[in-house]
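K.L.:
On the provided structure of chain A, position chain B as indicated by the hints.
Number of protein chains: 2
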Amino acid sequence: MGLSEAFPMKGGDGPHSYAKNSTLQRNYLEVAKEVMKEAIAEKLDIGALNSPKTFCIADLGCSVGPNTFAAVEIIIEGVKTKYDQSQSLSSQIPQFQVFFNDHVSNDFNMLFTSLPQDKQYYAAGVPGSFYERLFPEASLHFVHSCSSLHWLSRVPEEVTNKNSPAWNKGRIHYGNSGDEVIRAYKAQRERDMDKFLQFRAQEVVHGGLMLVNCTFNHNGTHPSQCTCNLILDLLGSCLMDLARKGRISEEKVDSFNLPMYFMTPQEMEAAVERNGCFSIERMETLPSPRPGNGGNESLVHQMAARVRAGMEDVIPQHFGEDIMDEFLDLYRQKIREIFIPFVAKLAGGIEERLLLVLKRKY
Amino acid sequence: MGLSEAFPMKGGDGPHSYAKNSTLQRNYLEVAKEVMKEAIAEKLDIGALNSPKTFCIADLGCSVGPNTFAAVEIIIEGVKTKYDQSQSLSSQIPQFQVFFNDHVSNDFNMLFTSLPQDKQYYAAGVPGSFYERLFPEASLHFVHSCSSLHWLSRVPEEVTNKNSPAWNKGRIHYGNSGDEVIRAYKAQRERDMDKFLQFRAQEVVHGGLMLVNCTFNHNGTHPSQCTCNLILDLLGSCLMDLARKGRISEEKVDSFNLPMYFMTPQEMEAAVERNGCFSIERMETLPSPRPGNGGNESLVHQMAARVRAGMEDVIPQHFGEDIMDEFLDLYRQKIREIFIPFVAKLAGGIEERLLLVLKRKY
Chain A
8 MGLSEAFPMK
18 GGDGPHSYAK
28 NSTLQRNYLE
38 VAKEVMKEAI
48 AEKLDIGALN
58 SPKTFCIADL
68 GCSVGPNTFA
78 AVEIIIEGVK
88 TKYDQSQSLS
98 SQIPQFQVFF
108 NDHVSNDFNM
118 LFTSLPQDKQ
128 YYAAGVPGSF
138 YERLFPEASL
148 HFVHSCSSLH
158 WLSRVPEEVT
168 NKNSPAWNKG
178 RIHYGNSGDE
188 VIRAYKAQRE
198 RDMDKFLQFR
208 AQEVVHGGLM
218 LVNCTFNHNG
228 THPSQCTCNL
238 ILDLLGSCLM
248 DLARKGRISE
258 EKVDSFNLPM
268 YFMTPQEMEA
278 AVERNGCFSI
288 ERMETLPSPR
298 PGNGGNESLV
308 HQMAARVRAG
318 MEDVIPQHFG
328 EDIMDEFLDL
338 YRQKIREIFI
348 PFVAKLAGGI
358 EERLLLVLKR
368 KY
Chain B
8 MGLSEAFPMK
18 GGDGPHSYAK
28 NSTLQRNYLE
38 VAKEVMKEAI
48 AEKLDIGALN
58 SPKTFCIADL
68 GCSVGPNTFA
78 AVEIIIEGVK
88 TKYDQSQSLS
98 SQIPQFQVFF
108 NDHVSNDFNM
118 LFTSLPQDKQ
128 YYAAGVPGSF
138 YERLFPEASL
148 HFVHSCSSLH
158 WLSRVPEEVT
168 NKNSPAWNKG
178 RIHYGNSGDE
188 VIRAYKAQRE
198 RDMDKFLQFR
208 AQEVVHGGLM
218 LVNCTFNHNG
228 THPSQCTCNL
238 ILDLLGSCLM
248 DLARKGRISE
258 EKVDSFNLPM
268 YFMTPQEMEA
278 AVERNGCFSI
288 ERMETLPSPR
298 PGNGGNESLV
308 HQMAARVRAG
318 MEDVIPQHFG
328 EDIMDEFLDL
338 YRQKIREIFI
348 PFVAKLAGGI
358 EERLLLVLKR
368 KY
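Top to bottom, those sequences are chains A and B. Position 107 of the first sequence, counting from 1, maps to 114 under the working numbering, and the rest follow consecutively. Position 147 of the second sequence, counting from 1, maps to 154 under the working numbering, and the rest follow consecutively.
FYI, nobody ran anything at the bench for these hints, they're computed from the structure. Any given hint might turn out to be false.
Copies of the same chain look alike in the list, so a pair counts if it works inside one copy or between any two.
Said to hold, decoys possible - Straight-line C-alpha distance at most 20 Å; calculated SDA-like pairs for lysine to any residue: (1) Lys40 / Ile345; (2) Lys87 / Glu144; (3) Lys60 / Val212; (4) Lys89 / Gln127; (5) Lys50 / Asp125; (6) Lys126 / His110; (7) Lys341 / Met290; (8) Lys126 / Gly54; (9) Lys60 / Glu144; (10) Lys126 / Arg140; (11) Lys126 / Glu139; (12) Lys50 / Tyr90; (13) Lys126 / Ser112; (14) Lys50 / Glu257; (15) Lys368 / Ser231; (16) Lys169 / His213; (17) Lys89 / Arg315; (18) Lys40 / His213; (19) Lys259 / Lys368; (20) Lys60 / Asn282; (21) Lys40 / Ser305; (22) Lys259 / Gly177; (23) Lys60 / Arg140; (24) Lys352 / Ile189.
Okay, chain A solo, but in the shape it has when bound (with noise of 0.2 Å):
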């Protein structure tokens, strides 16, 4: 599995695991939960779907747990409440099955450990990339993505080809890069996203919800004054600055690029409308949760802890073992000195989210 096409998080339990360190992730589901409950109440029509003996759920990019397990009780306490509070089908709850699905390489023994003893569904899990294939025609009632779809397929060829104007030299991400740069990744973007809505609208049924929680890029704004596309940039600073000591080569970093793109509204309102097999029911964004107490150093500790669980495996091997501690300093030098007061003046928060409810039309 090559560097461009899957970047599993932390698996285990250790201390750097993902599992024990996707607070933050939790928060965001905590934030969606109320309009997750209110999209299933108003826009789920169970009438249409044909009184299914077993209702499918898929979460796509799952990573090891928790938080798809505390996505998917909140989506099967929705539909079974939209079951109760129906005067003909009340008596025909059906039964749930759930389908985890992450990349081959994501922990799969440790999300099947950590399931929960009192689950109310048969679990399952589905190994591949969610840009391919993975799911019977017209077998998903509802799919569900959160903090996945920022990934890219892979890394755009052009951006680490020195021949190209769109080689991405001295950077890893394209936040802060050229416009060619930029071009190439929004290009990847698109190809991507076409892709994933093609499969999904084979997938799932006809009047099946599709729920997409992700990072997104406010309208007209340049990528550089996205927070996420900061935090990228930063982590390519550190690994520039790691260069200039002499501690990595800078060709090391100028052929290390991350596979991730930060939507905005308007882009994935015109994938829904390229692919033309979903309504859009509902687009909004949802406030930045609270960074939680503890003031800046907090922050500081939680988002290296982030960078830690995401790329504890990616970075040393790419640019070898011994570099981790001194790579996370720095990140961390460089959150106080350069994100925190960049935050700072932000109206929105660290994070904001953009929640799409999409309807499989019939």
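P.N.:
Just chain B now, kept in the frame of chain A:
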């Protein structure tokens, strides 16, 4: 996960892994292949299955591959041929979804990594004991279980209880034990088999098939005369030898019992009859596969490798890390001195198999 609940095969793909040491199991599948194809051709009534868009297959006790993938291919080819040859249904060949099931402690990461690139089905992993409900009601069209149903859900309680007449002192299995121990094992087998059939009856659609391929003991034969029991008895006597040498404590051997039972065809029939939801469409013994070239020493090596793949986690966990090499040396010696002369006198070969084709009644 306690000793009594799951004995996962050695994960990963190292030299002692199950993936690299399951040739014998593969040979059983080769022997079964023609019967499997015939059973599908003759016994699967595709016209009665309500033209499913997706034909769902479960392999129960799949371990880490590659045999599970080979079995699934045989089944899918058989079902496709059946559709192809049907005048009215040849245009309605369904999609296939395959659920690979094993204990939660199975190495699903390895299983997923080794999924065939050219597979013609949607794959999912389902963690959990097959002595529990695993799937939604009436959601499976074909269930396969090979080399798994000799596992019990637990060691029968009485055999580890010093105050019980069924206490299994100095042995790790029932093959050469007294009648009380045999009865305790048999009762556990009946309870487990009843659960297995009860849950499968709920999960398999009416008209769906279940194919069980398992090691068995001949009707009317004392368990000690079954080659599989002899193998386990030899493992026990190796441990007792180590206890006599003071390398491990005798109490440790007394408290260690293997949760396996080899049914007779009569016991199998009785279980299906007690359950009442399945008809026995076919039940036959399969010839033992040839042990391969290389003569006796090759067989010794093969059997030691197999024990290692099955027991390398379990034995050290119970008896300590250090004894494994000595234990395997003793085992090889007993295979040479006791097992090989024993099987030389057998008509049926080393390990015959029982193949059972059940149909879920309408």
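K.L.:
Now look at each hint and say whether the structure bears it out.
P.N.:
Cross-check of the supplied hints:
no. : hint            : result
1   : Lys40 / Ile345  : neither (32 Å within a copy, 66 Å between copies)
2   : Lys87 / Glu144  : between (24 Å within a copy, 18 Å between copies)
3   : Lys60 / Val212  : both (14 Å within a copy, 12 Å between copies)
4   : Lys89 / Gln127  : within (16 Å within a copy, 37 Å between copies)
5   : Lys50 / Asp125  : neither (28 Å within a copy, 38 Å between copies)
6   : Lys126 / His110 : between (23 Å within a copy, 17 Å between copies)
7   : Lys341 / Met290 : neither (33 Å within a copy, 71 Å between copies)
8   : Lys126 / Gly54  : neither (25 Å within a copy, 36 Å between copies)
9   : Lys60 / Glu144  : both (17 Å within a copy, 8 Å between copies)
10  : Lys126 / Arg140 : between (27 Å within a copy, 13 Å between copies)
11  : Lys126 / Glu139 : between (28 Å within a copy, 14 Å between copies)
12  : Lys50 / Tyr90   : within (13 Å within a copy, 39 Å between copies)
13  : Lys126 / Ser112 : between (25 Å within a copy, 18 Å between copies)
14  : Lys50 / Glu257  : neither (51 Å within a copy, 66 Å between copies)
15  : Lys368 / Ser231 : neither (36 Å within a copy, 65 Å between copies)
16  : Lys169 / His213 : neither (46 Å within a copy, 62 Å between copies)
17  : Lys89 / Arg315  : neither (40 Å within a copy, 53 Å between copies)
18  : Lys40 / His213  : neither (24 Å within a copy, 40 Å between copies)
19  : Lys259 / Lys368 : neither (46 Å within a copy, 64 Å between copies)
20  : Lys60 / Asn282  : neither (30 Å within a copy, 24 Å between copies)
21  : Lys40 / Ser305  : neither (25 Å within a copy, 61 Å between copies)
22  : Lys259 / Gly177 : within (9 Å within a copy, 62 Å between copies)
23  : Lys60 / Arg140  : between (24 Å within a copy, 16 Å between copies)
24  : Lys352 / Ile189 : neither (25 Å within a copy, 76 Å between copies)
In summary, the structure is inconsistent with hints 1, 5, 7, 8, 14, 15, 16, 17, 18, 19, 20, 21, 24 from the numbered list given earlier, while agreeing with the others.
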